[in-house]
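Given the sequences, and given the hints that come with them, work out the whole structure.
Keeping their order, the protein sequence lines are chains A and B.
Residue numbers for the first sequence follow the working numbering, beginning at 35 and rising by one.
Residue numbers for the second sequence follow the working numbering, beginning at 81 and rising by one.
Incorrect hints may appear among the rest.
[What the hints assert, rightly or not] Subject to a maximum C-alpha distance of 16 Å in a straight line, what follows is the list of computed EDC-like cross-link-like pairs (lysine to aspartate or glutamate): (1) B:Lys272 / B:Glu135; (2) A:Lys299 / B:Glu97; (3) A:Lys388 / A:Glu341; (4) A:Lys466 / A:Glu437; (5) B:Lys138 / B:Asp182; (6) B:Lys380 / B:Glu311; (7) A:Lys561 / A:Asp98; (8) A:Lys485 / A:Asp513; (9) A:Lys616 / A:Glu586; (10) A:Lys485 / B:Glu135; (11) A:Lys616 / A:Asp588; (12) B:Lys138 / A:Glu484; (13) A:Lys300 / B:Asp397; (14) A:Lys466 / A:Asp513; (15) A:Lys299 / B:Glu135.
[Claimed, not checked] To give an idea of the interface, some chain A residues facing chain B are shown, with a C-beta separation under 8 Å as derived from the structure: (16) Val268; (17) Lys299; (18) Leu578; (19) Asp579.
[Stated by the list, open to error] Stretches of chain B that chain A covers, calculated by requiring three or more beta carbons in the stretch to come under 8 Å of a beta carbon on chain A: (20) 153-163; (21) 174-188; (22) 198-206.
The set of hints was computed from the structure by calculation and includes no laboratory data.
Just so it is clear, the structure is predicted and the values come from calculations on it, not from any experiment.
Where a beta carbon is used, it is the ideal one built from N, C-alpha and C, also for glycine.
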Amino acid sequence: MQAKQSINDFVIKFANVNGTGSASANSMFAKAIFRMGIPVSPRNIFPSNIQGMPTWYEVRVSQDGYLGRRGGIDIMVCVNPQSIKRDVAEVEAGGYFIYDSTKPLDLRLVREDVNYIGIPFTDICLREYTDARQRLLFKNVIYVGALSALMNIDFNVLKDLVADQFKGKEKLITPNIYALELGYQYASTHFDCPIGIHLERGHRVAKHIEDFDNILMDGNTAAALGAVYAGATVAAWYPITPSTSVVDAFDKYCRRLRIDPGTGKKNYAIIQAEDELSALGMVIGANWNGARAFTATSGPGVSLMSEFLGLAYFAEVPTVLIDVQRAGPSTGMPTRTQQSDVLMAAYASHGDTKHVLLFPATPAECFSMTVEAFDLADRLQTPILIMSDLDLGMNEWMSPPLEFDDNFRYDRGKVLSAADLDEMEERFGRYKDVDGDGITYRTYPGVHPEKGAYFTRGTSRDEYAAYTEDGAEYVRNMDRLLKKFETAKAIVPEPKIKQSEMETRHGVVFFGTTASPAYEAIEILEKEGIDLDTMRIRAFPFNLDVEQFIREHDRIFVIEQNRDGQMRRLMLNETSANAKEKLIPILEYDGLPVTARKIAGMIRNYITHGNVTPLTRRASAEEETA
Amino acid sequence: MTYVKPAFRHPDAPTNELGRTRQDYEGGLSTLCAGCGHDSISAAIIDACFELNIEPHKVAKLSGIGCSSKTPAYFLSGSHSFNSVHGRMPSVATGANLANRDLIYIGISGDGDTASIGLGQFAHVVRRNLNMTYIVENNGCYGLTKGQDSATMDTGSPNKKGDINMYSPIDLARLAIEIGATFVGRSFSGDKQQLIPLIKAAISHRGFALLDVVSPCVTFNNHSESTKSYEYVRGANTGMPVDFVPMRQEITATYDSGATCEVCMHDGSVVRLYKQDNDYDIEDRQSALEATSHYAKEGKILTGLLYIQRDSEELHDVLGTARRPLNSMNEQQLCPGSRFLDSINAGLR
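Written out as structure tokens, the structure reads:
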């Protein structure tokens, strides 16, 4: 049998039991590769459970710097007998299966076309440790040590990582390094190291990662830092996977950065609300009163918040909501990713509403777009929804470093101060469109003893915020809100458009985490002679660039991770282009991040056979492309 | 009913210490039914704020949805106001208070808004001891949708159609005492003498102050058999008279110490309560719960200051937030700058 040979380009997957401490060992493995200067993208595929269920960690190593999922597994590290049958089946021909050889492998699990590497992890742990907890925890470190020998991971890098991990708990450094050595020794004395698939430092410069100045971080932490930098002082939230770590990280950084050195008091407030409704209510109350406030949630939370989103839209209160999307509907698959809140978010609430959406694709964008979201919310006096997802929010991504311009000043939008009110000759009208851009002036409560007070309400009102049921007044107000939405088009992030080297009438549209595998798929197809222009949408409302891209192409594949082609529908709904026939949905919604191979397969199928592969046939189609 | 509010005011109208007349504390003309109890409560709020020398712009008024929640339009037109969504006023008030702890927060709600759709938010704003005055204008029915029973309607009380309510009522004052409220009063919109000092005390209280005010609905729930009618409540009301002596004012009245108690508020003001019962300790939750249930068993409604906990920690104390309002901070206080970001980046390599 031919064993696969590859340097710095493969997919390795770890099959673990959750709650056994595997996550930190796996993360150390990925970070070691990252520190060796080799592009890597790890992903947790975890259950909605605390202990005892199968969990996986898939690591893509790509010298070209592709960070999306490729599809297929080259090396499986099996530490969980529960899932061993399906784990063996997943390995590609010529790949490796690393398993615990303390007990002999069931012969039914032996495949002719896979290389088996048995290491008696349990035996080693039984021999070395007496404590049951230690036996469980160190098993993870031992397999990382073994992989270090098998795959040529720089052992010193691992040692540094252990030292970093246990900073402040130095007692734990030596036993962890010892466990790494146990694995390393066993593998290097029993096997021909390195195996065919392995790593080499600085083998080739990644073409997609210009200089290797990248950082490795998750999107939720980046978004939380964005909120800190944007000057958010109030966070109200309700715990929900996969968004919880946003407020956890906000709390962590605020404890470091927002304590007044003189008084020890907090320049921020975080409230864990009783539910998502209340969380958004608090955010709206705080923003109404002039503080910058935000919440982070996921689809089920946005459903509950819809009522308040309608209020914030209609009463024109700035609001920032970070939606870390997961697989719905209802409770759906709480620990799986999707991009299926797009339509709900765009039109959340009853009545005629439209909301501004931002679509970050990297941790750096989670940071910068969150900073930007607070300015947009204040400028537009409306909810801004940052549409992240589980894959981006909870996994570590290589990303350009976070950047912040110290000259940047917060734009609080049209807010009248006491002096402004004193200078005004005309009567203050909270909902009067003085500038003709649909955005009106507001005041903070308590600003002036005599002027500027108004009545904020979710009921229809006139320009002076007085209740009215006059149809003409109502229409004037609703039309002004539309005008404001037009104004938004010019100030939200523009799409990123890339022209193919060869002229083409075919295009591809995607957004958020679909971008990484999509760019890779485009290159796969380019080599086959299929040329495609690409547009990564970064915001809704769509600006004119989006309309133009649709008009300039005859066929446009819209790639997204949901069943109903929600972005495609939004494009049909919200652009003037007559595009129903030319927008072809390319959809993946099994809850795992879409792979480059699947995208390439579906587009290829459409171009060569005129159809997108039906879901039931997709698995076999993927094998064809492998 | 008049449709235009007269603009004329007597030139010698009395002024308060700020030089403002009572008119300065009024709002727009009420659109509620003539005789609605809610209008009496609005008037009591106006009197209380006028007499407390509160600057109107230092007050933020918040409400949910319903007849009661419309009333912030009818008092303190110089204050900002937020008429939010049904049952959600507590969360909006919480956010607003977090943003600026220097304003006075007055929340107006009804029994539908608080005891049904908003019961969850109500319970949690009580738990958090948010520094606000929360007035429930309690009429036992949904006025704005024409008279359906609410959750505070007493068992056995008939509605206007004659249907008898068979569900158990929620007593918001007792619930609030049970789950940790630090100021709970009950009153009657028809008893201005008691209501005005109670509102003053509630505003002066540092922490969450609930006033459950029975406020008859003249259109849908004022028939004599209803336990929320003027007639019934006048008969059943066992009022404990309340005096409010603002801070710095000398206490001159004498009183019989047995049935009277005085509570010194956080700001130095004093609330004096003339109790019906010597054994009742208004600083003891159990005593307050026993007193209210004792009177309820006798078909009476005990009104007055039912419970107070002095010197509690309000939400800002619990959170440890800065004395300076969060909404007044700028980049200098809030933004860590690029150098810190560099160190973050370095830690992620």
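Verification of the hints:
| no. | hint | verdict |
| --- | --- | --- |
| 1 | B:Lys272 / B:Glu135 | violated, 22 Å |
| 2 | A:Lys299 / B:Glu97 | violated, 34 Å |
| 3 | A:Lys388 / A:Glu341 | holds, 13 Å |
| 4 | A:Lys466 / A:Glu437 | violated, 38 Å |
| 5 | B:Lys138 / B:Asp182 | holds, 8 Å |
| 6 | B:Lys380 / B:Glu311 | holds, 13 Å |
| 7 | A:Lys561 / A:Asp98 | holds, 15 Å |
| 8 | A:Lys485 / A:Asp513 | violated, 27 Å |
| 9 | A:Lys616 / A:Glu586 | holds, 11 Å |
| 10 | A:Lys485 / B:Glu135 | holds, 13 Å |
| 11 | A:Lys616 / A:Asp588 | holds, 6 Å |
| 12 | B:Lys138 / A:Glu484 | holds, 11 Å |
| 13 | A:Lys300 / B:Asp397 | holds, 11 Å |
| 14 | A:Lys466 / A:Asp513 | holds, 12 Å |
| 15 | A:Lys299 / B:Glu135 | violated, 28 Å |
| 16 | Val268 | holds, 5 Å |
| 17 | Lys299 | holds, 4 Å |
| 18 | Leu578 | violated, 33 Å |
| 19 | Asp579 | violated, 30 Å |
| 20 | 153-163 | holds (count 8) |
| 21 | 174-188 | holds (count 9) |
| 22 | 198-206 | holds (count 4) |
When held up to the earlier numbered hints, the structure conflicts with 1, 2, 4, 8, 15, 18, 19 and fits the remainder.
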